[in-house]
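Number of protein chains: 2
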Amino acid sequence: MNEIKIFSPATVANVSCGFDVLGFCLDTVGDEMVIKKTQEKGIKITKIEGFNLPLEVKKNVAGVAALAIYNDAKPECGFEIEIYKKIKPGSGIGSSSASASGVVFAINELLGKPYSKTQLSTFAMKGEAVASGSEHADNIAPGIFGGFTLVKSNHPLKILELPTPTNLYATLIHPQIEVKTSEARDILPKSIPMENAITQWSNLGSLVHALHTNDYHLLGDSLQDVIVEPYRSKLIPHYNDVKEAALNNGALGCGISGSGPSIFSLSESLETAKKVEKAIQEIYSKTEIEFYTFTSKINADGIKIL
Amino acid sequence: MNEIKIFSPATVANVSCGFDVLGFCLDTVGDEMVIKKTQEKGIKITKIEGFNLPLEVKKNVAGVAALAIYNDAKPECGFEIEIYKKIKPGSGIGSSSASASGVVFAINELLGKPYSKTQLSTFAMKGEAVASGSEHADNIAPGIFGGFTLVKSNHPLKILELPTPTNLYATLIHPQIEVKTSEARDILPKSIPMENAITQWSNLGSLVHALHTNDYHLLGDSLQDVIVEPYRSKLIPHYNDVKEAALNNGALGCGISGSGPSIFSLSESLETAKKVEKAIQEIYSKTEIEFYTFTSKINADGIKIL
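As given, the protein sequences belong to chains A and B, one line each in that order.
Heads up: the first sequence at position 261 corresponds to 261 in my numbering, and the numbers run straight through without jumps.
Take any residue in the second sequence, count from 1 to its spot, add 1000: that is its number in my numbering.
You can trust all of the hints, since none of them are fake.
Here are a few chain B residues that face chain A, going by a calculated C-beta distance under 10 Å:
(1) Ser1153
(2) Glu1161
(3) Pro1189
(4) Lys1190
(5) Pro1193
(6) Glu1195
(7) Asn1196
(8) Ala1197
(9) Trp1201
(10) Ser1202
(11) Asn1203
(12) Ser1206
(13) Thr1213
Since the hints were derived computationally from the structure, they do not count as laboratory data.
Beta carbons are placed, not taken as given, at the ideal position from N, Cα and C, and that holds for glycine.
My request is simple: use the sequences and hints to build the entire structure.
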């Protein structure tokens, strides 16, 4: 195989009570990438469509991730990368992560799959760090593993694959405003009340149990965030209205995707997820803010070969 | 049925990363209780053996729990309670909780089992509050449900039954010193670093996953407590030596049972658990402190009819 085309999906990190550790993978929206083996050694980015991003390898998330796997594998060839970017950078649904994960997945395929998913994640994290300033796997993991993932630890990297309820759908809204990652980070307190922390870990434990037992009711009951949402929701206009509309229309839960501004809802069926999408659209249609919405099955497989 | 004899086991609460929410049930050590229906209405405690505890119903943990179920059920009879107390009060392995849980379990049996386990837990919590000052279910739940339990919330009470790995054994040591519950409570900070809280909930999520996947290695890796242990371990002499000995001898994890002074270890086999017990005994044998140790299978069934 000398060439591969892949779909690298959007992902949701910081899933409610799972701040910094829990993520899941989407299906409807994602980047496409074409990676070609070349006789000439090294990594080249030959094309980026969709958004204006640097072609220079060391300044590009996908480039840096590609270099990480390339320098480890030391193959007798090089690679050319074409990026057809569909996920808007800064949307909060893992745009940079999709580029980083996709390229390492593709190169691994072209090399004959010498690396494990965890190893691929460590390479992708090098790329992710270009965008976010630190290596973390909360969007990388759901992209590479698919479904729901729990990042048990970053150093050493330990990723757990959680079960994905088959009838679970996500509804996303991306209000086209800028939430600076640095602001989203700085707004969080350095220390938190013990009582709230207990509520949070009790909910996360319950959520993991709910995924294992396919218990949608408990899943909804556990999708609470008493730590981060009270702060970050202030950065997203009409957040509370969106959440209220989602829950009133049958969503199991609703929260901030990544560090925002996207908002995710989870629903038990496609029908409910679509109803939720419509209700959320109505909220934002009344504002001046541009937005788009989409509904997606939870993608249990992660990155796909096209 | 006019009379019932039951075994109400010791329990471990605050299991490492599951502070305030996670508990498990022991098998080897527990109270025995005999409950008899009487024609005369009301609750009477007729006998307490083992430890010096109040016979007066309203001052006794079992008495208050019995009154709670009795006043709700309003039966055409009364009940007499005999308590053969084996779990030393203040040991940190759910002594008061065993009395409270046992009596409501027994009365429910004598009434023909009208109540769910969750309802029984709410009655037992009224008794537990006599000893601890507040209603909480972290020792009650594992006694009544058996195995590992997660208290998702106290109000409303929501208890989750987690799977119990079949080959899991606990080793307990009870150093016979007094740790005042109030001191164990006051020593804890009111707020905690965000970073540590994230570590704690990541570990709890992992632990729940480990129980569901029967993954002993991950279980061991998740049995960490970065929040409470650093404070409360100071109240237990030789805590660090005990922990080191347990881990060096193959224990998956080691932590403070309840608010101490008992220390629990978890091991994958009876053989390892016994080896851990011996190693821990050696540590405490060199001190002036009286202690006892025991090893127990995790009791998946909870309270038993004898």
